[in-house]
Structure formats: C-alpha cells, structure tokens
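J.: The residues making up each chain are set out below.
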Amino acid sequence: MSVFLIIKSLLRRKVITALLLLQLAVTLGLVVNSLLLASAAKDLVDQPTGLALEQILTVRVKPTSTAMRVEPALSEVISRQLAAVRLIPGVEAAEYTNQIPLRQGGSNSNIFETDRQDESNVDSVPYYNTGSQIFQVLGTQLVAGRELTELDKGTQNIILTEKLAKQLFLEQNPVGKSTNQGTVVGVVSDFYSQRYASDPLFGAINFVPMARAEMGYQLIIRVAPGQSEAVRQQLTDVIRNAEPEMDIGTVMRMDENRDEVFRSEIGLATLLAVLSGLMLLVAMISAYSHAHFHALQMQKEVGIKRALGASKARVLLDVLSESWLTTAIGAGFGILVCYALNISLAKVISIPAVPVWLPLLTMVLLLLCVTLATWYPARIATRISPATATKTL
Amino acid sequence: MDALLHNLKLSWHSIKRAPLPYALTLLILSLGLGTFFSNATLYYWMNRDPIPEKSATLFMARLNSVPGDCTDCFEPPRVMSYMDMQKMSGSGITSAEAAMFSSDAYAKTVENQQATPSQVELRITQRDFFKLFNVPFLHGEAWPDNKARMEVVISKNTALKFFSRTDVVGQEMLIDDKLYKVIGVLNDWAMLPRLYDVNGRRSAEPAEDIYIPLETAYDLAIQSNTQNSYFDVDWDGNMATYPQMARNNFANQLQFWVQLDSPEKVQQYQQFLKNLVADEKAAGRHQRPEGNKLDNILNVQKALRATNDQLDAFALVASLFLLVCVVNAGHLSLNRYMANQYEFSLRRALGASRWQLQSQILADVLLSSALAFAAALFFAQLGLWTINSLLPGTRALASWDWQMLGVMALFVLLISYLVTLYPALKTSFSPLNQQLKQ
Amino acid sequence: MIKINNLSKIFRTDLIETHALRQINLQVNEGEFAALTGPSGSGKSTLLNVLGTLESFDQGDYLLDGRSVKGLSDRELSALRNEKIGFIFQGFNLIKDFSLFDNIELPLRYRGFSAAERKRRVEQALETVGLAARRDYHPSQLSGGQQQRVAIARAIAGEPRILLADEPTGNLDSLMARQVMELLEKINQQGCTILMVTHDPDQARRANRHIQIVDGQLNDATLYEPLGYEPLVAGA
Numbered sequence: 084m085s086v087f088l089i090i091k092s093l094l095r096r097k098v099i100t101a102l103l104l105l106q107l108a109v110t111l112g113l114v115v116n117s118l119l120l121a122s123a124a125k126d127l128v129d130q131p132t133g134l135a136l137e138q139i140l141t142v143r144v145k146p147t148s149t150a151m152r153v154e155p156a157l158s159e160v161i162s163r164q165l166a167a168v169r170l171i172p173g174v175e176a177a178e179y180t181n182q183i184p185l186r187q188g189g190s191n192s193n194i195f196e197t198d199r200q201d202e203s204n205v206d207s208v209p210y211y212n213t214g215s216q217i218f219q220v221l222g223t224q225l226v227a228g229r230e231l232t233e234l235d236k237g238t239q240n241i242i243l244t245e246k247l248a249k250q251l252f253l254e255q256n257p258v259g260k261s262t263n264q265g266t267v268v269g270v271v272s273d274f275y276s277q278r279y280a281s282d283p284l285f286g287a288i289n290f291v292p293m294a295r296a297e298m299g300y301q302l303i304i305r306v307a308p309g310q311s312e313a314v315r316q317q318l319t320d321v322i323r324n325a326e327p328e329m330d331i332g333t334v335m336r337m338d339e340n341r342d343e344v345f346r347s348e349i350g351l352a353t354l355l356a357v358l359s360g361l362m363l364l365v366a367m368i369s370a371y372s373h374a375h376f377h378a379l380q381m382q383k384e385v386g387i388k389r390a391l392g393a394s395k396a397r398v399l400l401d402v403l404s405e406s407w408l409t410t411a412i413g414a415g416f417g418i419l420v421c422y423a424l425n426i427s428l429a430k431v432i433s434i435p436a437v438p439v440w441l442p443l444l445t446m447v448l449l450l451l452c453v454t455l456a457t458w459y460p461a462r463i464a465t466r467i468s469p470a471t472a473t474k475t476l
Numbered sequence: 002m003d004a005l006l007h008n009l010k011l012s013w014h015s016i017k018r019a020p021l022p023y024a025l026t027l028l029i030l031s032l033g034l035g036t037f038f039s040n041a042t043l044y045y046w047m048n049r050d051p052i053p054e055k056s057a058t059l060f061m062a063r064l065n066s067v068p069g070d071c072t073d074c075f076e077p078p079r080v081m082s083y084m085d086m087q088k089m090s091g092s093g094i095t096s097a098e099a100a101m102f103s104s105d106a107y108a109k110t111v112e113n114q115q116a117t118p119s120q121v122e123l124r125i126t127q128r129d130f131f132k133l134f135n136v137p138f139l140h141g142e143a144w145p146d147n148k149a150r151m152e153v154v155i156s157k158n159t160a161l162k163f164f165s166r167t168d169v170v171g172q173e174m175l176i177d178d179k180l181y182k183v184i185g186v187l188n189d190w191a192m193l194p195r196l197y198d199v200n201g202r203r204s205a206e207p208a209e210d211i212y213i214p215l216e217t218a219y220d221l222a223i224q225s226n227t228q229n230s231y232f233d234v235d236w237d238g239n240m241a242t243y244p245q246m247a248r249n250n251f252a253n254q255l256q257f258w259v260q261l262d263s264p265e266k267v268q269q270y271q272q273f274l275k276n277l278v279a280d281e282k283a284a285g286r287h288q289r290p291e292g293n294k295l296d297n298i299l300n301v302q303k304a305l306r307a308t309n310d311q312l313d314a315f316a317l318v319a320s321l322f323l324l325v326c327v328v329n330a331g332h333l334s335l336n337r338y339m340a341n342q343y344e345f346s347l348r349r350a351l352g353a354s355r356w357q358l359q360s361q362i363l364a365d366v367l368l369s370s371a372l373a374f375a376a377a378l379f380f381a382q383l384g385l386w387t388i389n390s391l392l393p394g395t396r397a398l399a400s401w402d403w404q405m406l407g408v409m410a411l412f413v414l415l416i417s418y419l420v421t422l423y424p425a426l427k428t429s430f431s432p433l434n435q436q437l438k439q
Numbered sequence: 046m047i048k049i050n051n052l053s054k055i056f057r058t059d060l061i062e063t064h065a066l067r068q069i070n071l072q073v074n075e076g077e078f079a080a081l082t083g084p085s086g087s088g089k090s091t092l093l094n095v096l097g098t099l100e101s102f103d104q105g106d107y108l109l110d111g112r113s114v115k116g117l118s119d120r121e122l123s124a125l126r127n128e129k130i131g132f133i134f135q136g137f138n139l140i141k142d143f144s145l146f147d148n149i150e151l152p153l154r155y156r157g158f159s160a161a162e163r164k165r166r167v168e169q170a171l172e173t174v175g176l177a178a179r180r181d182y183h184p185s186q187l188s189g190g191q192q193q194r195v196a197i198a199r200a201i202a203g204e205p206r207i208l209l210a211d212e213p214t215g216n217l218d219s220l221m222a223r224q225v226m227e228l229l230e231k232i233n234q235q236g237c238t239i240l241m242v243t244h245d246p247d248q249a250r251r252a253n254r255h256i257q258i259v260d261g262q263l264n265d266a267t268l269y270e271p272l273g274y275e276p277l278v279a280g281a
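Chains as they are written, first to last, in the working numbering: chain E, 84 to 476; chain V, 2 to 439; chain D, 46 to 281.
By construction, these hints were calculated from the structure, which means they are not laboratory data. Small disclaimer: the values here were computed from a predicted structure and weren't measured. Even for Gly, the Cβ is constructed at its ideal location relative to N, Cα and C.
Short, incomplete list of chain V residues facing chain E, as computed with Cβ under 7 angstroms:
| hint | residue |
| --- | --- |
| 1 | 69 |
| 2 | 313 |
| 3 | 331 |
The following block holds chain E by itself, in its conformation from the complex (with noise of 0.2 angstroms):
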C-alpha cells in the first residue's frame, strides 16, 4: 500500500499514533543501551589479564588463634601447608601471598626511586608478599633481570610488573635501580592486579615471609589443565589437616575472581538486557492487543479490499506494511532517544558510544516483533469470506 496512503491515515488518529510512536521510539533507545552495556561489560570481562584464568585457584585461610598470627608460628604453619598442597595430585605450584592479583583493592603503597620522590612517585600500587613459587604459579615471563630466589627471602630485592618498570623508570634498565620499596632486580610481565590502584597492571613482588595475618592470607595454586575441580575438591580437606586451628574461606578459581572483580557491570549489564526483553514483550503484547480491538474493523476494511479485488496476499501486505511504516518511524525517532540516552547514561556511568549498526539492527529487531504479533490477526482477517465480512450487522 502507498506509503503516502499509510501517513494520511496515521495522521487521521493523532493520539492514538504518537502514543506508539513514543513506545516505539523508547523501547528502541532503551534495547540499543541495554545492548551496549552488555557489549562492554562482556569486553571488561574478556579483557586479556596475563593469567591463566582457569589453572590458578585461590583461598584465603586465617588462624583462629592470635599465637599462630605471628612469627614464627605462622610461617610454620605456612610451610606445613605448602607442603601438604604441593603433594595433591594435579597441582603444579604452591605459594602463599598477602593478597592474591584480580581484585578490586587492596594493600597498596606508594614507589618511587630513591632521590627521585618528586618525579617519579606512584601512588597506590600493589605489593604482593610472598614466596619462590610466585611466578610458576602466576605464569608470568620474565622481560629483564632475573626472578627473585629463595636467597632473595628477607632481603630488599624487588620484582616489578613491565608497566610499572616503565612508568617509573621510562626507557632507562630498571634493573639496579634502588626505590624505597627496594631494590629491583627483575622485571616480569604484566598482569591484572588490582582495579582500584593507580593502574590496573601495576605490581610489586618481594619475597618476605608473611609476618602477620590479623587479615588472614592467600594460598595462590597452579593446577595442569583440566584439573582444577579435581584439586579444588580436595584442597579445603588438605589445608586443614595441615593444620585445623585455621578458618578457611571458599575455593575460588581465578575467573570466579574475575567475575567479583566485574560483578557490578554484569549486574546491570544483565538486568538490563532483562528490561530490554521485557520491553520487547511489551512491544509486542500491545502490538498484539491493539490488532485485537481492531480486529471486527480490519476483518472489514479486509472484506471491503478483497471485494474490490486485492488478493489474499496483498490484502496481507497491506496491513503488515502499515505496522512496519509505524515502527520505522517511531524507530527513526528512536535513534535520537538512542543517542540521547547515551548520553545521559554516560554521565552516570561508563559507557560506550553508540555504534551506527546497533540501532538498525535493533529496528530490525523491533519489526520482526512486531509483525510477529501482527500477523496471526491478519492472516485470520484474510480468511473470512469477504462476503461475510462486508456484511452490515
């Protein structure tokens, strides 16, 4: 039917037509956001972090008493555990560690290099102390100098991330370079430490025993491929017959972590791709209720058209192309709500920019709803015999 034909008619019934305009046009700009929040959310997820996300498990574990809080009961107790850890079939390293990478804060400090304060200080950047298995577990490589040892314990001696190495010493060789955390001898690559802190990839490594544990303690393991059920079923038992004065927190394997770390983006990201399903459903219930109110005068204007000799088919057409013109338009209006709550959202929080494909998609989207709830209405308005439906009372 003429495009020309559809408007005159819309404009025949104004309220009635901006009412679905402005749903359509709503309903568009909100599943367009909804979507790209859902994009983003899954990019934050997906983003590389330098780990093995699925061979690397986590607890924290804190002893119940306040003796064994401290040195050297403490470490003791460590050692009995790693021991005991790195004996369960499956697992490839064992360390313990003040905090474990992948979170959203934690124990930070400031570095610089020494004599250097001014120029070269990083605020808030992560400290892991820990032990020898650090980097097997980690599976981090090493870019400059050399790994920390055993003999390193107790000493001075640092490892920095690559980014940190750069963002304090640029493009001179870190290696050597006093700072007031240290001494560093190596450099190893990045990986995702904590969100919160100065930068995400930033982090230094020294071996030191543990000290104290008024918050507890991180055991970090490295299992083979494929194997982090097996140990994870196990590790709670072995940690506590290692020791049973100890309360042991819950298993987590590193992407579970991941997950925490990114819990509030998914979180919204999925409720609102809930709201979108729900306004998709909305869509179409009216698309559908207001085909059946409708319904005795399409069966008659039906019959008045195929009286005058539309075929089935076009008569089908017909009606169908007036619930796409409608959705078209309120969908072209619905590219500026997109954009405009675009950029309302991104004042509230972060959010990617609309994208020119999204919102067409999405009209897509929305017609195919749409004429999802149209056409059984039609298709029985074709099926009455015109005689019938042209009849008066």
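Assemble the complex: chain E is given as a structure, and chains V and D must be docked to it using the hints.
T.: Below, chains V and D alone, put in the same frame as chain E:
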C-alpha cells in the same frame, strides 16, 4: 456508596466481556510499575537521609597531610592516620568527635572456650561514636574516656548469639584469644545507608557486632579490613613495634567524624583546620598543598566516589520503562474505551449525565488500581530478588515499610487515573448521534 | 455475459446443512439491468455474492464474461473481480480513514494503473456521480446518499463489465433513493450491465428484467414485461 458498588459491578462485567485485552493492559502497566518500584525501593534506601534529626551537623574531616612534594595533589586520601586524628581532635569547637575503622575477628565466650570461634564484625572507635550517630543503648553505657581498655560494647544480636540473653553487662568474651569485658549492649540499630563507612562500597552492609576502643586496637595491632594505605612507611613487620609504628607514621586506615552544631561552628572548625595546616607547614611537615575536606554526611558517598552508579543508571532506565508501559497501557485503554463508546452513548441517550458517566470511569479506575497495585507488588518483589542476586551489595535494602507502601498505592492510583483520563474525556464529550449511528 | 449452470451452494455447520442455492441456471446478457427479489432467507444475497466471487460454490459452473471461475487461484480470482466486477453494498462500506478520492482510487491501485491514469478515472467517476467538489472530504462528513454515490463512483471507476448492487437504497430515504436509482439507470444506459438485489417492488419494476428467487431456486419472471407478476415479497 450504593452507586459506587453498582458502578464497580458494571466495571467488573465490562472486564469479563473482553478479559484478554484487559488482562494484557493490566499486565503491561504492572510490569512497568513493578520494575519502577523495585528500583525505587533500592534507590530510596541508598539515597535517603538516615539520620535527618542531625545530618546537617555531622561531618567527616580529612587532611591532605601525606608525605611527598606533589604540588598538584589536592585530593586528600580516603583514610587518615593516627597523627592526623590527634591533630584534628581537641579543638573545643566540636560537640562530639570520633575516629573509626572496621575490622573482623573471631570471638567466643569464656565458658565455651572449646567451641569453634565465630567470625564477628568489629568497629574500632572512640567514645563519641555513639553520641555522634544517636546509637541507642539497651543496657550499660559507652566507655568513660578514650583510653585503652579491654572493654567492649556489643550489639543486641551479638549478646543473644553468645549469651542467649541481652543483659550481659559485666560478662566476659574472648576476641581473637584476648579477654574483654562487656560494658554496654546496644538496642536494635542499623544506619541505612551506612554513611559512616562508605569506603569500599560498604554503605549497604548491616551494623557491626562489637565495638572496641581505638587505643586498644592500636596496642593489639588490630587493623582495618577495608583499606590500609602506607605512605613512606619503613617497618619490618615486627608486631612488637606495631603500636609505636602505627601511631607515628602515615599508616592510614581511619575515618574521623565530628559534630558541628551550627554554621558558625562549621566555619570555626574549617578555620581551625586551616591554622593547623599552616602550623604543620611551618614545622616542615605537610608538604602537599592544603586540601582540607569537611564533607557533610550526606555528601560522603559522592566525596569518596562511592555512589552506587549502577543503581543510578538503572533508575534512569526503569523510569523510561515505566513511561513506555504507561504509554502502552494508555493506548490500549483508549482502544477499549472507544470500543465501548457505543455503550456510553446509549446510556447518555437514556439520560445519564456526564457526571454519572465520570463516576463510572472513576469506579473503573479504582478497580484497575487495586488490581494493578497487587500485580505491581508481585512484580516488584520479583524485581528485588533479581536485583539482589545480580548486584549483591543491595541485599540489605530490599524491604518496604507502611509509608512506602502507601506512597506506592497512591502512585498506582494516579497512573491508573492518567491512563484512563484521556479516553474518559474523549468518550464523554463526543457528540451523541455520531456515536450511536455506528 | 454471465452464465450459471446447475449451480448449488450449501452452507454446512456441525449440525445443519442449508441448501442456499439449488441447481440454479441463469444467464444475464450484456447491457441488462436485472432486479433480483425474494423473501428473506431466499438466497438472493448468496447468489449475488457467488456472482461476485465473494463466495465459493459447491456444484455447477459459473462463466463470467466467457471465462470459467472454477479452479482459479486466489490471485486470478481477485484480478478477475478487480477488472470485471463493481460492488455496491447496502452499508456503503467506504473506508473511514480515506478521503473520497482515496476511496475511489483504491481498486485502481490494485489494477496497476499509473498515478496519472488513476487520477483521470477518479475525477471522471466523481463527475459522473456529481461529487467532484468534495473529493477531499471524508465519509463521516457526508450524508448517506452521498456516501452511496461515492461507492458507486468507486465501483465504476474501473469500468467493470457488471455492477452488482446489494440493496443499494436500503439505508436511504426516498429522495436519495431516487437519486441513486437515476444514477444507476444512467450508468446502465452507458452500457454497463447491472444486477441489483432489492426489496422494493417499484425499483424492481424500473429494471428491465425481474428475477425472483425463492428457497434457493430461480423464477425468471419477466422479460421486458412491466407489470403483471406480483412478487412474493415478505417485507423488508
């Protein structure tokens, strides 16, 4: 009354004639309302003033005192040091002041030493905490001063959990293997949102179990479990030297809260802090520029960038969803009234006045509102469960009191009226003969 | 022009079988103006609907302008209806949302005429029925008689071979009815075949052929006989 009942009956019959479209309209409306309500509930709890009787007088004070000669660092750290607290105290301008941080430990009773200890949430603070936030006592009282003492105040639930009764003043407890005496038991209390500790996005958490004096915590090396920031600290980890180290270094973990009873006092205190910084600088300390912050309790979330952005975004989106649903429901409602126009006109032809028709419409609105309200509450509850499972930080916020229910009911009534208003006006003002001819 | 052989139409529900048309034979020649009368329930509307291909039939054959309609697909039937037949209903059946112009133009769109051709035909049809001045009006703004004239314009715009009218004056007062009848006569004189169902015996007499239908069977009463046969009219 009679007329109302009659009208309600007519409404019901009109619905029964075409139940499906009516049900669909109602479904759409209550979906929108339910989503809006679930979000509004959380938003309300997160953004309300939890202590309106004195929120204007409560402030969190911070100094930009950390070392380092950074000339464009104007933002003080989120937590303060012991030294900062000492300098900010004792001005005589405040009517109450207290430093605080949170921690956790394992506790058990003296009688039950063999049992596995339970984890408890601690608040390490000073005497004025209870005065600052109007915390009610059930038994006993707070510490008489801020000196170190092995005495604790516990919450009512803690008393019940460990002692099975509430009047336990004088009883003893082992917290992390150290012996303490209970000197006070609090009545049921929670500040929601928990604005005295928004760091770490913890403003939706329940109140703590046990309160320990600040000096005691420093002596025993009890540290914050939220944020510990060390600035230029040189310490070997030896617990014996912790008390000395933590009191004399920038081992930051505190929040410092003051009560200033009038705008003049606020100004005086701000001046006090300024003078303080000047003195420090003269003594060669406080190298960073002055960046004093005195944040009112209602602005603390924004100041520490701990606002729940996700909730704000969802609030915007839920409002739009409500708009879409209302528009849809209005559209369908218009259809329904136009379909019933014949009946209206017939009744007008039989002598019903416009007013009598309007009261019929009002009865429709009443019936719709009641049904929509019930359905909306159902969807709102579903919504809250969904949000709680997806955004775990919101768990404490999902409850309704009578006041909120009342507001929601009124809101539903208003929306239902709006949705029926236009069609209603249209039907009662259309020329009679045209309608009847159809 | 129209030839029906042994045509039967049966309406079936679960319980009842109604024989609306029983083995009818009918031939209408080009240029005739035939009136079809009969009591209520006699099957006259059904016959008209079958002739207009709005209803299917069960037995027999129907040749429209020499072409059998049996076995035609929906598309072919619709095209046939569009080109050869014009309808006039008792209830006018105009589309409310369209202007007069758009209403009349609608069947021409289905034919595939160019916009210019359509415009020409619509304007000519409007001239014929005397409503050229109101082309942009909407049906709700017109009286019953005017609406029926628009319907007639719509029916003739495509220059159909036969006009089928179902009680065209049933909803009109006597003055408007007379106007409509005069219009139909004018169209018939211009060469269009008309078959009209009516209750009104006077109208039946104005036609030049009178066919009666009772219980699904025809009684082709008059052939150019003005009076004489009292139709068994049961009343409208």
